[in-house]
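> With the hints as constraints, model all of the structure from the sequences given.
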Amino acid sequence: AQTVTQSQPEMSVQEAETVTLSCTYDTSENNYYLFWYKQPPSRQMILVIRQEAYKQQNATENRFSVNFQKAAKSFSLKISDSQLGDTAMYFCAFTYQGAQKLVFGQGTRLTINP
Amino acid sequence: GAVVSQHPSWVICKSGTSVKIECRSLDFQATTMFWYRQFPKQSLMLMATSNEGSKATYEQGVEKDKFLINHASLTLSTLTVTSAHPEDSSFYICSVRQGALTDTQYFGPGTRLTVL
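Protein chains in written order, with our numbering: chain A, 1325 to 1438; chain B, 21 to 136.
Lysine-lysine pairs mimicking DSS-like chemistry, simulated, CA-CA at most 30 Å apart: (1) 61/B to 84/B; (2) 40/B to 1425/A; (3) 75/B to 1425/A; (4) 61/B to 1397/A; (5) 75/B to 40/B; (6) 1402/A to 61/B; (7) 1425/A to 84/B; (8) 1394/A to 1425/A; (9) 1379/A to 1425/A; (10) 1425/A to 61/B; (11) 1425/A to 86/B; (12) 86/B to 34/B.
FYI, nobody ran anything at the bench for these hints, they're computed from the structure.
So, in structure tokens, the structure goes:
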């Protein structure tokens, strides 16, 4: 069975700082995909970044980047130059080729302070 | 990414009544849609996977007769909460997968259900 673990229930940083959210997963699959979703107070789930397991290069999207360590089964999200609008719940998620479901982590509540 | 809408965004109903929530894929045809339930400060819990033209696949512990899912077209899936009770009050979110061979899900804005 696939599992996703986010060990940081809450985090808080000052605006403009860099913050890293942790995520580990467990799977026996070889072809899989990892995601970070953001859920702001509006509760709309927004895709932040996506990583294919077969790609060695870490995915980046503007201020968001991941550190994908396949051997360690780790998939952390780094937010650079954090902004007030980054305040949200962040969920790490996993799926594998041929599967339909997403497996979510428990979430990390991130607060950016002015 | 895909654009997904849900209607209504917020509904209040009396105990014992049924409520229908619509999920629409606005810019592509979705062969697969998903329904989630989310309790406050918790993660998303998958309720069922809905494939167009076939019966939904429910997760273990989800009552099929209480949560009726219909995926009658490639752009519309509905979730009907039958004989709603206060414990059914929750935030319901749908998502769509863009194509049968892709892996990314895009989410609707959610529906808050309050049962009095």
